[in-house]
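Fit chain to chain and form the complex, with the hints in mind.
Protein sequences, first through last, are from chains A and B. Quick note on our numbering: the first sequence kicks off at 15 and runs consecutively. Quick note on our numbering: the second sequence kicks off at -12 and runs consecutively.
I should point out that these hints are in silico values taken from the structure, not numbers from a laboratory. There could be a bad hint or two in this list.
Quick list of in silico lysine to aspartate or glutamate cross-link-like pairs, EDC-like style, CA-CA up to 16 Å [to be verified]:
(1) A:K588 x A:E548
(2) B:K432 x A:D566
(3) B:K432 x A:D564
What you are looking at is a predicted structure, and each value in this text was computed from that prediction instead of being measured.
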Amino acid sequence: MSQATATETTSEGVIESVSGPVVTAVDLDARMNDVVYVGEEGLMGEVIEIEGNLTTIQVYEETSDVAPGEPVANTGEPLSVDLGPGMMDSIYDGVQRPLDVLEEQMGAFLDRGVDAPGIDLEKTWEFNPEVEEGDEVSAGDVVGIVPETESIDHKVLVPPDYEGGEVTSVESGNFNVDETVVELDNGEEIQMRQQWPVREPRPTVEKETPTTPLVSGQRVLDGLFPIAKGGTAAIPGPFGSGKTVTQHQLAKWADADIVVYVGCGERGNEMTEVIEDFPELEDPKTGKPLMSRTCLIANTSNMPVAARESCVYTGITIAEYYRDMGYDVALMADSTSRWAEAMREISSRLEEMPGEEGYPAYLAARLSEFYERAGKFQNINGSEGSISVIGAVSPPGGDFSEPVTQNTLRIVKCFWALDADLAERRHFPSINWNESYSLYKEQLDPWWRENVHEEFPEVRQWAVDVLDEEAELQEIVQLVGKDALPEDQQLTLEVARYIREGWLQQNAFHDVDTYCEPEKTYLMLTAIQHFSEEAFDALEAGVPVEEIIDVDAVPQLNRMNTQEDFEAYISELKDDLSDQLREKY
Amino acid sequence: MQKEYKTITEISGPLVFAEIDEPVGYDEIVEIETPSGETRRGQVLETTSEYVAIQVFEGTSGIDRNSSVRFLGETLQMPLTEELLGRVLSGSGEPIDGGPEIEPDEERPIVGAAINPTAREYPEEFIQTGVSAVDGMNTLVRGQKLPIFSGSGLPHNDLALQIARQATVPEEEDGGDDEGSEFAVIFGAMGITAEEANEFMDDFERTGALERSVVFMNLADDPAVERTVTPRLALTTAEYLAFDKGYHVLVILTDMTNYCEALREIGAAREEVPGRRGYPGYMYTDLATLYERAGRIEGREGSVTQIPILTMPGDDDTHPIPDLTGYITEGQIYIDRDLNSQGIEPPVNVLPSLSRLMDDGIGEGLTREDHADVSDQLYAAYAEGEDLRDLVNIVGREALSERDNKYLDFADAFETEFVQQGYDTNRDIDETLDLGWELLSELPKEELNRIDEELIEEYYVETEAAQTAD
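One chain only, chain B, in its complex shape (with noise of 0.2 Å):
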């Protein structure tokens, strides 16, 4: 029974307003057709009795007030298949790789509902991403939300393909296949340029990550509204190829702050009473639909990890987006703009930098024993050098105690060595931790409060024995 109205009242930015004579529903798809024949989609924002507010994904030009409202009676679905994997689709779901079309096993809606926290397992198995400023300080684990704060023109996207290139589970012994280790990716694009969809396209042709790989291309100059909804059509598609197909799955949304922005757009349109900055009230419950859809549910196979990008707006974290994010998801990893014209690749200022999973997920049996000591000892030795760093430039190097001396180097070495590896190196967690020792070994054994005796003993480099060993 798809009712057809000519009843539209109102067109305001991307919203519709219609008049209608039954019910409709909330949340519910709409199909508008302009004069010209083209089919426009939609969804209930508002409803009434009288009226319903609908906000079109297409955006609204063309559509005037003649043009025909169709309410389908039903919510946004999203076809899904074990066949999407290999496929580039449009922010809206459409294929556009030339493809065949997608003949869906199953439809689900795409609001998705929220795992009960009873079901959920917790995240505790490590991912070695190869890269040391992540496995050894801010540890990543299967089923972990920890986004990538960045700033504009910083090379995030660097980083988001080295790990999602990198990205493995290490098996243990007894040796299974290596395919299951490897992650599925779910690559949700908002409003980035075509030039940086390219990029992305070519990694993982390059690669041949695309095989394992669903793309969702909403891009800068395709309408804004539809980035609402493609981060929901990934997500939906993580969980069933995680959940239902049992493949481990990590999820790269980019750009968080283009979605936020179209939200925002929207409330504006409705002319809702602003929260913080003009983003609506409801921004942190709205972030938390898609952030919260990361996890590990008891008695599955597979897990969804997802890594947020955002941008900051003037490399501010206090600003609505990175702040919200920051009490939504797991930790956060900082790409730093001075480091990044220091020439270090990449540029993760580990500081600010935080995994709150990390330590349910090192030591002994997940990583190594020391792993927790280490990075430990290697904050708060890097701390102690970068509050230094302020002081030489008033009083100079000469001025500052041996011990102070000692610690500024182990900042600048922890830096050029440690952080420093370059897109295509890919460490694993032994590596990183015996570069964590070999820092540390310059500084004095008393120095090393944050470690155990014991593992001193072990792994500590003593300065005379490296120099013969040379």
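If we strip away everything but chain A, and leave its shape as in the complex, we get (with noise of 0.2 Å):
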């Protein structure tokens, strides 16, 4: 947290109250969001309410053994993250301390009252200029280049609040991120280290709509719902139904430039292991480690509650950040449900006036706030950046008509309904076709079209067709069993069980499973199609059903998802079906 480096404080308050992670504070001289320093050990706080000469402050560290009388240092400044490079391959805390200085400096558990800055001060990076003497820069302007991680340029911008002018001088080589590198006629430095409020967003020109997928080698995704870079989607989903693994498999192989990924609330060794597995993991397009392209930043539930609130804005700001570079970024956040609860947490300390189900009045404004930070940017720099924000949503009960879930649903406009149904049958990624949404699949269309195959569209409407039908069918065979239907109606449900097990279930932990690329995608729904023409055109001939479904080649077409050389195997599975059916009549 950059607060670290800002040691003067502007003024000084005397505690009044303490009540968990609130605190009131008596004679403190502080402005809405201030951060300040609470007690005796300087633990962090920031303001969030001010009522004559008291201020309420929500601290983010725990309050056991603070005492009236103690005294409040205001900072003066919001709660800020520091921007520059060695952000990517971290993880932090949820107002950006580096967890791995804090385990340093106290060990296992985490203690109180230590405070480290987001970015490593002393480390030194290699800054190669792109502008020269004599050049005029604006806010926003890329000044010069440094090799962050092996995967990831980072981009040393004029502060988005700073003038502009000529550039006076440059220096190139080895710096710290506090040594100015650039300076402008109008005295304005740069250094690589930015500082920038986390409760307000960065500015760009406009937002565009986006057009291009975020391809997330999740077939049921890329293949049904399809969520653009830039877009917005909401996971929600009961315990139990693969929320996380949901998120991770879109961290792991989503085809952003970064990754910010906020675990929120949620469990510590769902972290560790996100920690301990992605610095093994390649991504498929670069071949490099994944951390070196991602930033993580963990506020686990039994972590401060106040700091599980400010924990999605950490996030987004940096992603906002890398944005401004001109990169896709993709955010997820585990999970949001437990950062409006940290609202409500708040919220109910103020003994403010709850709205529904005990959540605060603002929590739509607060989610939507958040949510529209996303989206795909022209950057004031002229380059085009986007932020996906893909949220999980913890509905209690699993009941989706709560508050965080139809407020987050006004929103976002991709819906991945997870179930716990399928769950409990192991039909993971569990999400439910028939309930779950895509908003962007016209817009997306034509990529698909040009980039994967010119049918795409056809075929994904034929399965959803399928789907649909063997959603309908599924009420009689409840009623009657399902020897009872016409041939043709139990061929169909042959053929929705293939889409269903072969195409839409895919085992996040097998190694080729895991990833799924847009034309294996495409290729194997044209295999299952393949066979629901061929076999049709059997039955017409007068084979029975039980015959169709008994051909050899036909289970497998439950294996096309673990195969590697999956043309080869695809193509001669078509065959396969075609000889073996025809044979028949």
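This is how it looks when you write it as structure tokens:
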């Protein structure tokens, strides 16, 4: 957190009362959202209410043993993050303190009152200037490039709140983040590190309509419910339905340049899994370690609740900074319900009048403010960048009518509904194809036609139709049994079964199946469509359904997913299907 | 400087409000002496420059406005020593087994700090519980928190005891001593009946498990507020034994429902804005500070594995207690009323049950190469059989195809042969998986679409062959 470096304080007050994470102080001269240090130990907090001489503060750390009468010091700065090289391949807590630094300083358990800057102030980086003396630069412009990790070139930008002007001096070589690398004629100095308040979106020129998909390598998402680069999606689901695995899969395989993963109020072991797994995984596009394009923010459920409230803002501000460099950023927030609950907890400690189910009345406003920071943007330096936001929602009891799910659905354009029933029968990813939707389908179709196959949208529509028909037929089957249906409807059910089992299901833990390129997604579906056509021909020629599905090649439709050499396998399978089915008549 | 006040202004439920003139820290421990000379302990819930709100662990009856209030200047500490093993303590940590006073090596605050996620080690060591429904389908690993979701009158305690008795980590071939793989058991009882407590104690004594156990007993007639402290004492002890003394610790907390009721009681007494069903809005955070104290730490020998037990009011898993628990813990084991009335022991319903850490704890080198596929296939086949049962009720078995009938038979066999094993049978993982193959082999080979073809070749029991073998 950047306040670690701002040692000056502007005013001092005295603690009046302490109740869990909420502390009040008197005689403190503060503005809303100023960062303050509370008590003898200097616990970090933020001003959230001012009433006469009484200031209310939410504290980002445990408050045991803090007593009235202890001092409160105001930094006079809003909660900000440090932005600069070194954020990739890092793991932060909710207020951007690097967790590995904290571990060095206080051991395996998180103590309190320890502060650390968000990026290493000592480390030097190789600064390669992109401007020369005499060049005119304005806010947001790239002045140099720093090789941050093996996959990411970090662009050093003129801070958005600078006026800009003529470059009077440029350095080149190795510097730490606080050394001035570029000076302007109006006296403005540019370092590799800049700060930005987390609750304020970084400026852009305009928001554009996204037309490129964020390819996730997950068949059900890419194939049926695609999200655009710059889009928003919500994954609601009861516990055990696979939210986190889906989020992890997206973080691993989505074709974004940068991934910011916010673990908000979730399990400690899950974050550890990410920390242990990601460095070993390779980016399918570049072959470089996934961690080199990833920034993790971990505020586990037992870490202080106020820091949970701030962690999504920390995450999105970091995402915006990389967007300004022209990158496509994907931000995963797991889970936004925990964030909403943190708001509720703080709000109830403030004794605010509650809205629905005890959530504060400003819940909807906060959610939409957050999701609106996503999008495809034209940046102030003329480049284009995007932020895609994928928020997991954990509705109590799996009931989607609760306020967080409902308010989220009003904003996001992709809805990936996880289904406990599917999870119970180990159909993963357990995304319910009847309930989910994506409003990006039409605007992304041209991309699919151009980059995957001309026919892709039609084949997809065929699959959707079969699944719809299956849903209707299942209702009848529930009453009278499958054998009471006419033969052609029985065959439709079989085709639908292969779409479900062979195509929609995907094993995240299988080396090959975990990532499915768009071509494979398409080809697999055409194989099932091919089977469907051949099977219906056979049926018309008088072959009974039992014999059709008994053909040797048919169960192989369920094995396409694990084939590395899928093109050969699928084309051979199509031939086998034709041959073997035609033999029957 | 223990200042004594006689300034109590209000007594309400479990809370006492007192005026003060010197600052008192949040969470600090308080002693209240009643006129009859009894000492009650409590904790500061809210502190301002003029008054404090105190939550009294042992109940407020007998306290009057003239009682004296002493602030001890520290937060609640647990006295810790290896000698705690074999002892029985009250819900607030006092010995109640008639043994000697505890001479602590050190004391630690019971609130406990969060483990830094970068310092954690991801849990992936298989724990063999000897229960097929757990080992085969919902594998437990060291450092996991896996609750048992149960209902009133169901045999969750028998299952918990069976796990406590049988749990081992299969040692590798190069043979360490047997002691190394045994668990120390920390048992935290919150509001359980004296009868249930006896059941646990008898079992501990009968099997000699008491020697490697620490028992914290808060019974149903003990003060409710004390229950908010009991699990924290238990977990502080567990962390000490695990991370300082190198034990592998299994913590059983029962019944979390009583704990949550106590939280609600305090919340109501403080006139807080209630969340769902009257439970406080911070219950998720509060529960997380308990459940998240399971795990492993890099470079430390021991581990803390948690099995909290909760009885779902009305068997409803959308009730806030199981719901919030499920969002924090790494899976859950469901005890099922129907299976119980059919006499299945243990009556575990595997379909809604889940172990999130299973995937990394099983497979070649850990359990067996076919474990993941077998368990997937058993799940899928059992789910299909379950579905068909509804249909049978309407159309009868004759109306179903041969394939459907096979699935129905499979579902029955799965319950009566795989899940059913009795509380005294200890099946090792090979037995469990072989049993799974035996059941799966009743289905045609082509139906086994979740299993790798090579594994089918190796393990599938050809029906004819099986018959001739008989």
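Structure-inconsistent hints, enumerated in ascending order:
Hints that this structure does not satisfy do not exist here, as all of them hold.
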